[in-house]
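Asks: Sequence:
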Amino acid sequence: MNKLFGITLLISCSIPALSQENISEAYFHELQGMEDSAGVTHLFYRMFTSENIRCTDMDGYTSNISKERNHIYHYDTSTLEDSVEFRAYNSISPGCFEEWNDTERFVFTDNHPDSTFAIKSTIGGLYGWYYFPVSDGHQFGLNIGNPLGVSFDEELNDLIITTPFRILMIKAKAFDEKHLGKSFRFSRGDSVWHSYENISDLPDSLFINFTVTGINPHKSGHYVGVNDSNFVQSTDFGKSSEILLKHSFEDWQIYDAKFGTTYFDADSNSFYLTNREKIYLVTQKSNQWSFKELSDGYQSYRFAPDAHKSGSFYYSNNDSLLYSEDYGESGSLITTFLHKITGLYKKPNSDILYVLTRKELLKVNVETKQTITLEHLPVSSEQSPDIPNQISLEQNYPNPFNPSTVISYQLNSKQLVRLEVFDVTGRKVAVLVDGERKSAGNHRVGFDGSGISSGVYFYRLETGGQTLTKKMLLVK
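Residues 1310 to 1785 (my numbering) are what the sequence shown spells out, left to right.
Treat the hints as calculated values from the structure; they're not laboratory data. Among these hints, one or two may not hold up.
Stated by the list, open to error - Quick list of in silico lysine-lysine cross-link-like pairs, DSSO-like style, CA-CA up to 27 Å:
id : residue 1 : residue 2
1  : Lys1528   : Lys1587
2  : Lys1601   : Lys1656
3  : Lys1668   : Lys1779
I would like the entire structure built from these sequences, with the hints used as guidance.
Replies: Printed below as a string of structure tokens:
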């Protein structure tokens, strides 16, 4: 583990006494998606929960602490199974100090959900240092947290990582100048990260001289991003860049900005830059580049481009889902939901749009407007970063159901799992998990009963030498 700076605090304290009072807040947010080599959609989203905890130290002083979870879940649309992919949470150390363990950013590589690259951070507790391990086994100290972005160059098999903090400016500008930092390149076939103790020790050959926010999948070697307050583009894998638009932001605005995903339009000459809850269109017409904020006047603006239709994208206004096919000049309402929309993902070459609201993950056919609930917000603290102490099978939800429901189970260690559904005669009607090895933790599997008749059914979990069975009711 690289430690760039450390301050060990000597504290006399006891193990805090913890007692859960209640969940004060819970919601879904930040939906992302990818297609694997077989065309299966994999969805990734966060579920935030906050619990009120009372902590008492050795001196008898009691304080209220918010125990927060912001895990990233992976939903496989082929198996209808949901599980924690990356953990993000705060833990409480002796003396009632908090330590934050977060997954900051992640990016898909190799067209496979198991090849996601994640940057993680830990800070607080008894320590004053900050470090970043990465999920593929490498680790590297970035000195400071909150990376601006991470992109993957499929052609070069390189990861392009950017942080907005001035420590990255050490080779270029004075420390006190408020400009964005550089990006740097990491080749996954190289173990160079193991040999560096500080970001300033990286050789110049690994740096890209502007802030990369995205890599154009339609054009080889095309990177886009920001240099000071200008939008820039590179056509040679970041070796050089040209200014597309000058001074679109004030310096202080661009420095404080935390950019999200950069999306590229099917016309290959336009891109959409996301910043917190704002969306900006940067487009080229007649060799002239223009800049426009698309999210002006909208609340809870979420965005999903149609990868195969130029100028077409889906977006939200609070609980309303809308569609534009003219680069945002006009829009039409598709449907509304019961709760605020917090994420969108459009499946390429299909009529399927995945919608995340504060309470549900839904599959929407944008032509027929048919909507299917894939996941729902748990009604209790069933999702925890801690390993369960026993194997358990939960009651399906909703129950009764029509036509789909969700079955949850917990494992106390890595186990081979079989989960099946039977009718009242004992006839097997579905195999939800077919002898697969699953990790310890909480798991959720969807069951679609649209092809069977109303009635009582049983679902059976076989794992760890145990067999657990529960009853559910389908009402059509």
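Asks: Would you mind marking each hint as holding or not holding in the structure?
Replies: Status of the hints after comparison with the structure:
1. A hinted pair counts as satisfied when its Cα atoms are at most 27 Å apart, and Lys1528 with Lys1587 qualifies at roughly 25 Å.
2. Restraint check for Lys1601 and Lys1656: the C-alpha separation of about 26 Å stays at or below 27 Å, so the hint holds.
3. Between the alpha carbons of Lys1668 and Lys1779 the distance comes to roughly 25 Å, so the proposed pair stays at or under 27 Å and holds.
Checked against the numbered hints above, the structure violates none of them.
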